[in-house]
Structures are given as structure tokens and as C-alpha cells.
Amino acid sequence: MQIDGLTLSKVIPELRGYLINQRVNKVFMPSESRFYFSFFKDTLLVSLLNDASYLQIVPSKEDSPFFPPAFVMLLRKYLKGAVCTDISQIRYDRIVRFDFLNHFEENRPKAFTVFIELMGRSSNLIFCDSDRNIIDVYRRKAASERSLFPQNQYVPFLKSPAALTLADWDILKGKESLEGEMRLFPAETSLLAFLEKGFEGFGHLAATEICYRAGLRSERTLSSLCPTDIEDLNLVLASLREELTQDDGVFLWETEEALSLVSATFMHTLDQKGFRYTIQKPSDALQEVFFTSRKKRDLQVSKLRYQKLIDKEIKKVESNLFSMQSDLSETVNHSSFQQYGKLILANLYRFEGEKKYDSIEVEDWETGGRILIPLDSKLSLSANAQIYFKKSTRLKRRNDILGDRLRKYQALLYYLQQIQQSLYDAEDQEALNDIVIEIDRENRFVGEDAQKELTKKSHGSAKSQRKKKTAMASRHMGPSEYRVFEKSGFRCLVGKNNYQNDRLIKDAKDGDLWFHVQGIPGAHVILKNKNQPVPEEVFLFAAQLAARYSKAYQSARVPVDYTDVKDVKKPKGFRPGMVTYRNHKTVFVDPYDENEKAPL
Numbered sequence: 002m003q004i005d006g007l008t009l010s011k012v013i014p015e016l017r018g019y020l021i022n023q024r025v026n027k028v029f030m031p032s033e034s035r036f037y038f039s040f041f042k043d044t045l046l047v048s049l050l051n052d053a054s055y056l057q058i059v060p061s062k063e064d065s066p067f068f069p070p071a072f073v074m075l076l077r078k079y080l081k082g083a084v085c086t087d088i089s090q091i092r093y094d095r096i097v098r099f100d101f102l103n104h105f106e107e108n109r110p111k112a113f114t115v116f117i118e119l120m121g122r123s124s125n126l127i128f129c130d131s132d133r134n135i136i137d138v139y140r141r142k143a144a145s146e147r148s149l150f151p152q153n154q155y156v157p158f159l160k161s162p163a164a165l166t167l168a169d170w171d172i173l174k175g176k177e178s179l180e181g182e183m184r185l186f187p188a189e190t191s192l193l194a195f196l197e198k199g200f201e202g203f204g205h206l207a208a209t210e211i212c213y214r215a216g217l218r219s220e221r222t223l224s225s226l227c228p229t230d231i232e233d234l235n236l237v238l239a240s241l242r243e244e245l246t247q248d249d250g251v252f253l254w255e256t257e258e259a260l261s262l263v264s265a266t267f268m269h270t271l272d273q274k275g276f277r278y279t280i281q282k283p284s285d286a287l288q289e290v291f292f293t294s295r296k297k298r299d300l301q302v303s304k305l306r307y308q309k310l311i312d313k314e315i316k317k318v319e320s321n322l323f324s325m326q327s328d329l330s331e332t333v334n335h336s337s338f339q340q341y342g343k344l345i346l347a348n349l350y351r352f353e354g355e356k357k358y359d360s361i362e363v364e365d366w367e368t369g370g371r372i373l374i375p376l377d378s379k380l381s382l383s384a385n386a387q388i389y390f391k392k393s394t395r396l397k398r399r400n401d402i403l404g405d406r407l408r409k410y411q412a413l414l415y416y417l418q419q420i421q422q423s424l425y426d427a428e429d430q431e432a433l434n435d436i437v438i439e440i441d442r443e444n445r446f447v448g449e450d451a452q453k454e455l456t457k458k459s460h461g462s463a464k465s466q467r468k469k470k471t472a473m474a475s476r477h478m479g480p481s482e483y484r485v486f487e488k489s490g491f492r493c494l495v496g497k498n499n500y501q502n503d504r505l506i507k508d509a510k511d512g513d514l515w516f517h518v519q520g521i522p523g524a525h526v527i528l529k530n531k532n533q534p535v536p537e538e539v540f541l542f543a544a545q546l547a548a549r550y551s552k553a554y555q556s557a558r559v560p561v562d563y564t565d566v567k568d569v570k571k572p573k574g575f576r577p578g579m580v581t582y583r584n585h586k587t588v589f590v591d592p593y594d595e596n597e598k599a600p601l
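Numbered per our numbering, the sequence shown spans residues 2 to 601.
Be aware that a few hints might be false.
Taking lysine-lysine pairs in the DSSO-like style, the calculated list, with each CA pair at most 27 Å apart, reads [what the hints assert, rightly or not]:
#	residue 1	residue 2
1	Lys304	Lys317
2	Lys297	Lys274
3	Lys297	Lys309
4	Lys313	Lys379
5	Lys488	Lys507
6	Lys379	Lys343
7	Lys27	Lys81
8	Lys274	Lys198
9	Lys510	Lys570
10	Lys282	Lys297
11	Lys27	Lys78
12	Lys571	Lys586
13	Lys198	Lys176
14	Lys552	Lys529
15	Lys174	Lys198
16	Lys357	Lys392
17	Lys356	Lys379
18	Lys409	Lys510
19	Lys571	Lys531
20	Lys397	Lys313
21	Lys488	Lys391
22	Lys397	Lys379
23	Lys567	Lys488
24	Lys282	Lys304
25	Lys343	Lys313
26	Lys392	Lys356
27	Lys392	Lys379
28	Lys586	Lys507
29	Lys343	Lys391
30	Lys573	Lys507
31	Lys111	Lys42
32	Lys571	Lys409
33	Lys529	Lys567
Label-pair restraints from in silico Cβ distances [claimed, not checked]:
#	residue 1	residue 2	range
34	Asp52	Thr581	21 to 27 Å
35	Glu431	Gly520	28 to 34 Å
36	Thr581	Ser327	28 to 34 Å
37	Asn348	Ser327	30 to 36 Å
38	Thr256	Lys552	25 to 31 Å
39	Lys552	Lys81	55 to 61 Å
40	Asp132	Ser61	51 to 57 Å
Hints in this document: simulated from the structure, not taken from any laboratory. Note that CB positions come from ideal geometry on N, CA and C, so glycine has one too.
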């Protein structure tokens, strides 16, 4: 989303409280369209990204490139050591003015002004002298209405010279002002479009809210409005102006889908759509909207990409399993052919030796019944027996090979489903990175298509990426990265991926209890031993965690196996996260509901 001028008006007082009379220490540009103005006490972030143009106070800056761009060097030259003397907003629009005063040779003061335009694709940072003469500009633009080039006079972008603003709204003259502004628009203009274009600072969200508060449909045309409707608008605008003067922070609106919006005032239209709100400091709310929520959305996009890769591999394995099972069904009769050969040889004395037969009927000593054995009439009985022996040997060998391959593919399917579940449960980018590292390390367990796709998504050679990911793994896959839960003073650790599941077993102590869903991919859970009896509610809680972080998370009465961790072993050659265990018992539980209690 983009913040509107009304929301920006609530940000300005916060910026003034932090930055007025502070000196600039340095200016950084760690990535395209993101500037950090480091003051001696606080840091200002200015984001000019197309889909995230905003500014806020942040606790720290990002790493900066070794060679800063020329524009940044220019800002450093003139602003290092400068004092911020004023911060203001131009006509409730999305333009912020920063005034600075610096001292150079002979201690002579010199004033500078930085204009920040937060307008989506048109966002910009303009550096001027005290007379608004442009020294330089981040995005140079030539246009008929205004030219943003050095030595030109800076002219703020305004919707129109006659656009209204709430800055000095007078309820006594409001109706007259509205009628005058409406006459500048075509009669068929909708009320929503009029509010967005005829007022400085109104975005779509604010304009929709004003229509709602006035009891007017947003699609109504200006020509359909009566004097009473216009007066209702006047009263709503005056009330809104009053709300903006209250120092109560901004409203942060959120949904279950990780969608976040911020507004300067309460929004009935969002409340009716099921958004939840909290009142927060402007910088905290903007951090949530433009950083935290964006990270959540980016995480979902990344998870979906890798889930598609693993889903594709799973389908391949399932297809191979289906083919192998079909082929295996053709080999299960190998013992019958062995029996045919034995029966033929055992009954040779009953038939003429050189005579050819289409079939013979003999007694089956295993069942006691009669059995009809098909024969090749071109061959003798002895030759037919040898044919059956060879066929039995060939089918048995094929049965053994297929059986071994089937078991390997079944284990591979289980492993891929385990990765699939880990991807689903990944709650942050770090957890996702660990899973991607695992896929890259264990490339012998996934198909070539997935490996090629992973390499394509990364930058640099596959070898360099593998080294980088290995280094990341060594840093991140420690005990502190487990999911940690507590219940009645007992601690439960839950692995986020297969490597962490292995680490859990390795780091566990005798007496710790191990939990895992029965026969289903899922996380390993360790209930730490406190050298005292475990209460039943703690024991069941650990089992519920194992059910929650498994493919059975949507089921009821999930079987969960548990045993002492000393009875859990990882045989050599087993895939990550795969173990054997013994002396276990089983408990049936419903999966843990994270809405009831969050991890530490």
C-alpha cells in the first residue's frame, strides 16, 4: 500500500520529536531507492520504492555498499554535521520538507532543504538550497509542468492550484468551499473521484471512508448531490480535521491473510470488512505495514515456489511407485512356476517320456488337490519343467530388485513429504532458508529439475551457492533456533526441519522424552527431563505439539508414539530426520492449537 497525506500528517510530529536540533552524522543508500539519514541519536529511513514509499524512524540501518553513488556523496558533502531545524508537510500532501543548517568555511551558516515526495512510482528526493534552487535530485525528470534538474527552481507537485486541504478547514465556510470546488469538475464525476482529485492528502481509503460517514454512495455523481448532502460532507470533513489534531497515534489494520493497512483515523469501512486494529506509534505501524507484512508476503511467495518444486518431485516418485507396484504384481507368482517345475519332474513316471502334452493334471502335494499345469506341446515334459524353473528364477530376481527399489522409493516419498511439511510449517525466512539448504545438500534425494530450479533461483554458481548455504547452515541450525514451548515449567523443543530434527536427537539427554506422529511425516519433539515426574497435562501437550507439526495437523485423535530418547537411533546412511525407535508407547491426541498459546 501507499500512505496518504492524512497518515503522513500523523508521522510528521513524531519525526519532529526525534530529529529537530539533531545533527546529521552520515547518509547511506544500502539499496536502490532506500536512504538512511543517520543522526547522532536516531536514524531516519526514506523509502522511495514504487510499492513502498514512506519514511520512518528505525533502530538501525542496513549494511551500506563500499562505494556509495555520487548522489549520496553529494548529500554527505553538504549535510554531514548539519542540524535539522524544521520538518513540515506541504498542504497535507505526500511531500515532506526537511530544513537543515550547516557551517562551512569561516563558520558561515548555510541552509539547505530536502524535499521528499512519497508518490509511488513518482517518489523522489530533491536536494535544494535555501531558495529552492535544485542542487541535485535522485530521479531527474523533464516535464512540461515542472522540470526536476539541477539549477532549476523546485516546484512541489500539486493536484491542482485550487485543490482543497483540511489544513485550514472552516466548518462555517466548508459548504461554500465544496460547492466552489465541485464546479471545477464535470457534473458526471463520482463523489469518490472528486474527493480523491479535489483534495490534497486523500487516498482511496480515506475518500471511501468519508463517503461512508456522510451516508453517501461513493458512485453518486456531483450533479446528484443536494445542498443537504454537501452540508453532510462539510460536517464529516470538519470532524475528520478535528480527529487529525488528536495525538493518539495511527491505526494499524490487519487480517488473517497477513494484509496490513495503516490509517490516520478510525476506518468504519475496514472495521466492517473484518480487519482488526490497534493504535500504535506511526513508525511502529509503518514498520509492520512495509517491513513485517512485506516479509510475511514474501515468505508466502517463496514457500509456494519451493512447495511447487517438492510437489512436482512427489508426483514423480508417486508415478514411479505406481509403475513399480504394477510390475511387482506380475512377479508375485514366481513361486508358483517353481512349484510347476517340481510337480512336472515328480510326475514324469506317470507319463510317456517322449510324448508331447498341451497340459497335464497332477496332484499338488501342498494343497492335496488336483492342479492343471499348462505346457508347451512342442517340448518334452523335462524341457517344460526347466522352462518353469528359469521363469521362476527370472521373476524372483526381478521381484527382489523391484522390491528393493520399491522400498527405497517409499522411503524417498516419506522424506519428500517430510520436507513438504517443513515448508508448510516454516514461519520465517530463516526457517525457509534452512530447508532450502537441506534440499541443496541432499540433492541425491531430489530430482534434477528441482536442483536446476534451485540453482536458477539463486545468484552465482551452484558451487558458490552451496558454500554460502553450508556456512549459513552452520550458523543458524543451533538449539536456539528450535521452536520452544513451555508448559508448567517443562520445556518442549520442536524441530523446524530435518537437520534440526537430527540435532534434537543428538543434543538430547538421557531421560528426555521423544515424540513423533505414528507413520506420518512430522517434526520431532523433545520433552526435556527435569528429574521429576512429568504431569499428565505436560505429557499430552508435547504429544499435541507432535501432532500439530505433522501432516496430520488437521486431523483428530492423532496417534503419537513416544519413548525415551536413548531408544531413538539414527542408523548410518539414513536420510536427514529419519530414525528408528523401540520400546515406544502410543497416545491419541488432538493437534495443538497455536491460537491458544504462542511459542516463546
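Run the structure past the numbered hints and jot down the numbers of the failing ones, going up. 4, 18, 20, 21, 24, 25, 34 and 40
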